[in-house]
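Colleague: Protein chains in written order, with our numbering: chain A, 1 to 255; chain B, 256 to 597; chain C, 598 to 887; chain D, 888 to 1291.
It is worth saying that the hints were derived from the structure and are not from the lab.
Be aware that one or more of the hints could be misleading.
As the list claims (entries may be wrong) - 25 Å max Cα-Cα, derived SDA-like pairs, lysine to any residue:
no. : chain 1 : residue 1 : chain 2 : residue 2
1   : D       : K1110     : C       : A604
2   : A       : K124      : B       : R273
3   : D       : K1110     : C       : H603
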Amino acid sequence: MSGTGVPVLLSTTGLSMSFGPFQVIRGVDLALRRGCRHALIGPNGAGKTTLVNLLTGVLRPGRGTIAIGGKDVTRLSERERVRHGLARTFQINQLFRTLTAFENVSLAVSRRLGRDGVLWRSRKAERRTAAEAMGVLERVGLTDDAFRPVRELSYGSQRLLEIALALAMDPAILLMDEPAAGVPLGERDRVLDTVDALGPELAILIIEHDMDLIFRFASEITVLVDGAVLRHGTPDEVARDERVRDAYLGVARDG
Amino acid sequence: MADPDPLEAAADPEALGRAAQAFVRARDDLRPADAIPWLLALAVPFLLSQECAFGTQILIMVLFALSLDFILGYAGIVTLGQAAYFGLGAYTAGLLSARLGWNEPISGLLAAGLVAAAAGAVSGWILLRYRHLALLMLTIAISTILYELANTWSWLTGGFDGLMGISISPLLGVFDWDLEGRTSYLYALVVSMLCFLALRRITVSPFGQTLHGIRENTARMRAIGVPVLGRLTLAYTISAGIAGIGGGLLAQANSFITMQVLSFDTSAAVLTMLVLGGTGRLYGAMVGAVVYMLAADRLARLSPEYWELGVGLLLVFVVLVCPDGLFGVVDRLRRRGWRWRQ
Amino acid sequence: MSPSLHAALSILFDGLGYAMILFTMSVGLSVTMGLMGVVNLAHGAFAMLGGYVAMVVTTRLGLPFLPALALASLTVLAASVPVERTLYQRIYRRPELQQMLLTIGLTMILMALTTFAFGPAPVSLPLPDFLNGQIILAGRGFPVYRAFIVLIGVTLFIVLRLGLERTMLGAKIRAAVDNPAMAEAAGIDTRWLFTLTFALGTALAALGGALAVNVVGLTPRFALEYLVVLLAVISMGGLGTVTGTFVASLVIGTIENAGRYLFPAGGAFFIYAAVVLVLLYRPAGLYGRS
Amino acid sequence: MSIIRYSCLLAAGLGLAVAVCLPAARAETVKVGVVLPLSGGAADVGQTEVRALKLYYKQHKAELGDNDIVLIERDSKEPSGATAMTLTRELVVQDKVDLLLGYQFSPDAIASAKVATQAKKPMILVNAQSSYLTTLSPYIVRLSTTIWQISYPAGRYAYEKLGCKSLIVGYSDFAPGRDVLAAVKAGYEKAGGNLMDAVPMGGPAQVPDYTPFLQRIANEHPKCMFVFTPAGNFNPPLARTYSDLRMKQSGIRFLGTGDVSDDTTLQQLGDNAVGWITVGHYTADLDTPANQQFVAAWRKEYGNDVPPDFFAVQAYDAMAAVFHIVKTLNGHIDADKAIASLRGWRHDSPRGPIMIDPETRDIVQNIYVQEIVKRDGKLAIKILDTIPAVKDPCKALKAPACAK
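Model the full structure from these sequences, guided by the hints.
Modeller: In structure tokens form, the structure reads like this:
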């Protein structure tokens, strides 16, 4: 999958960061090509979520650069990076709990259409926003719960809404922080199927511990240990790599 | 919120779109019931014409509470310095007439709104980066500094004795400012109604939804690319402008103001009114202002200390028993009643 | 002694006196707000009650000044427990807006009741003779009462610092301030701890109120008049910190005194300008944790 | 409950000799709207004034014959002007009062002057002391005092009689305080003196710590110092700081307006206030037969602990003026006639003979130079000198403050 010629949508070179004396991210080079299904794995505390926060702009790197679509965004704020087509889901749900699922997605759609600062109501724009929002809800299968407040939804539905909010921004690059984490077994398939059905042109970086999700889903894997890239390659290469097994997997299952 | 009829099995986009439309209209469109408070207010100069003077003061406080509700109820920004903008508006309208001889009321009111809005924009851009006690204290400090300046520059503001020499020319050149206060009442009513309609439209506009989102979850709003500080500053500017218009109304209706319009007591009073009524609904501001002013006036006639004791007890009751305010209770009943009928 | 040195010395000493009153009244508020996170705008009312109890005890029961101070603090301490149990326990988890409004309501109730009981007129608290004199230092007389207040303030600071750092109770309070959930998990009964800390806080306010009677007078309006200054002190100093409140009291006390001496027309402008400057750069206060 | 029934109930509640509220066939019931601060910062002063109104009414009820007077009280709360104006409008429009009385603060009087003029209702000032107030409406009559009437002669007396070759004025930093400064400066410089310094001492909202202000005055070593602080809870802290800084021993002579030695807080000033000289228009210790009778009646009615002060006598005389109007017009109140009846009116008040100046409708009264002395264990006030029949110099001199 990671053939040459496919454009790199997001890349980091020598990305490093430290919290006081502790080096948390050390010289990470990462490349996300269009349509890639890139998994980022590593033991707890390896710096996975910190790396995501660096990519999204929540945190500022000490050294190194981040580029989206070839443009250096290291200095840009979280908001500006979103405008360059970067979207994310959160490890812990960050939703508008008293609003309905429909309203949650409408906010994201309204932002994408550049209407979030508009002071007056226009029926036409409202119709378009509503239609697009319902379209996104349909993609993640939440139309039945569209008009129920988020706090009344099941945890699985809420995880799906996280994905819906990211999709509503029509991103080129999607960073997913443990999308299936904590989802009860009954609803896991709903989430996994949705992740599978994501568009082919979307570059996805997914952080996950769930090995069968990774091996079913990922086309390339980066293993992060102690803030540095231990190994990058296809799922098979990574599974066979001794160092990865010792540092992280213990025993990797085949296939 | 009105749940549209259950969706058909086939999720065709057409039906989904219509259902969403129905939901949005049910939530946001003006309902006939929205006119009731204004019709009641319109009846006052005809049925209770003696109450026009007091009614004007209530309407001014309603407008002032509406301005605070927009920033507190909708954007979730807790401040204790709203009097700074109310006072700025009052002194702008007052000084225009008293010192510069510009007595035309409507333009004076617009000037009051603009000056207060400008102050809101500047201070908002700086202050809204802060939260909780820091924001509270910063807003208190700014209104107190303005209060001190009004006393120090008494050659300009008249200081403690108040700003004398305000004489507003008749409204629209025709309506004189009669003793009974009928003109000032209708003037205040029209202005506060227009401001209410403007706020009502803004709260249901996409911007209004954005504020709602910011109040719910700022982190998510940043993650979907919303310039949070910019949106909050705009909301703070609108809120300050409307508070300024309220202050301007006071200056013109009474053609007299003192430093009291900038004091901490004024900020605390309008916050009390708003929370009494219930935040985040605009109607809460109306109910709260009317109940507070009537209680303060009528209880004070019984005995001086009663009104403070009365309002204090009412406050403790509201916070403990119906935290989303007196109107909140009405709202809940209305919704429960609605759901019961569903 | 050259006049300017003389003036500087007097500014510092007088500022110290005023600062210690601010410290005594506000340290309780800083600890309670830091620990319980409740925006308690009724703290000024407890200071007022302290002043009135001290007045009643001295004028009507004839107790001398020092026992009157102690009794005033203890009475308010005892009175605060039912208030905390009935009202405050219900609002600890409420949003800060509702906490503010409940405590504003409580302040208005306490002010109205005090006006019922003692009337709106100012009351005075007679001082014993040994506090009325002067100490002559370097050719200039320093009022004994001011020195007495400074003494109380500094001792209080030391006792509270040691109390919070050296004793088990102090450790429990600090633990609950940092992480209430963890403290609860570690078996600390935070409910009882909150009541106790609240009581201590209001007792300190009562002591501060009683001390202030002879410097700035006392009427029922005291509860609102000094509320804003107390908020300025703790927001500048930071929440849940004794040192922070102490330093902020010194800063505000000295600025107020120097400002009024050098630019009398400036009024309270200087204090609030200082507060704004500190908050813009350290929103959590000088010693506060963000 | 209709407004009319309300005020009747209220009047009954206040223990007044309630005239039957039904429209009596012949006798007239004159309704007087009273606007005074009954809650908030100046509640104690407002309530003292209401007591004085009721005391005069109780003593002189019989002189009205069949007519009667009903007081309708409204609480003007804090000095915002807006509250007083709204209450005045309501009293005129709803309660249809014949006379307006009260107005503790100048902003309240200024705001309500317009209403009095528009509604043609006589407005009797019980306190508001800014000199230009009577120029704001032809229907305003002042029974209290003006700031200039006290501070101007005090400035002259300090130079001419008290040998104050150098003087510093310390004043509470708000409009009345600035009026005192202007008046003292005018009087002192008219007598040939040159004011050394003027120290604003904190605003009216909150009792400040007086130490830095008095310390500054002490460090400049003037011969005399002249102080104005609002009567009430400002004075005891002022006296305490004065004694803390040993200013009595430093040889600086203390002068002040009557507010500083106000009778209600006199005993709280402490021994260091002995020797203070204050210039005022009334003290309960004035030894005239009219005053002794008034103080005795006051103590009988309201108890011994709190003596009447100048606020009380101002309200007492205001009620006398109302009685004069009612008797002269036999209860048929016409605004212009009522004002005319007060022009040049002379009255033997507890504070001494007073007259209403026909041109300015302001009060003409004696001004007393007083000294705080210790008399049988308590602080008391001795009259050192009397400046008889003083008119308001501000209007006479066309001083800038009065040119409004």
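Colleague: Could you work out which earlier hints the structure fails to respect and list their numbers in ascending sequence?
Modeller: Violated hints: none at all, because every hint is consistent with the structure.
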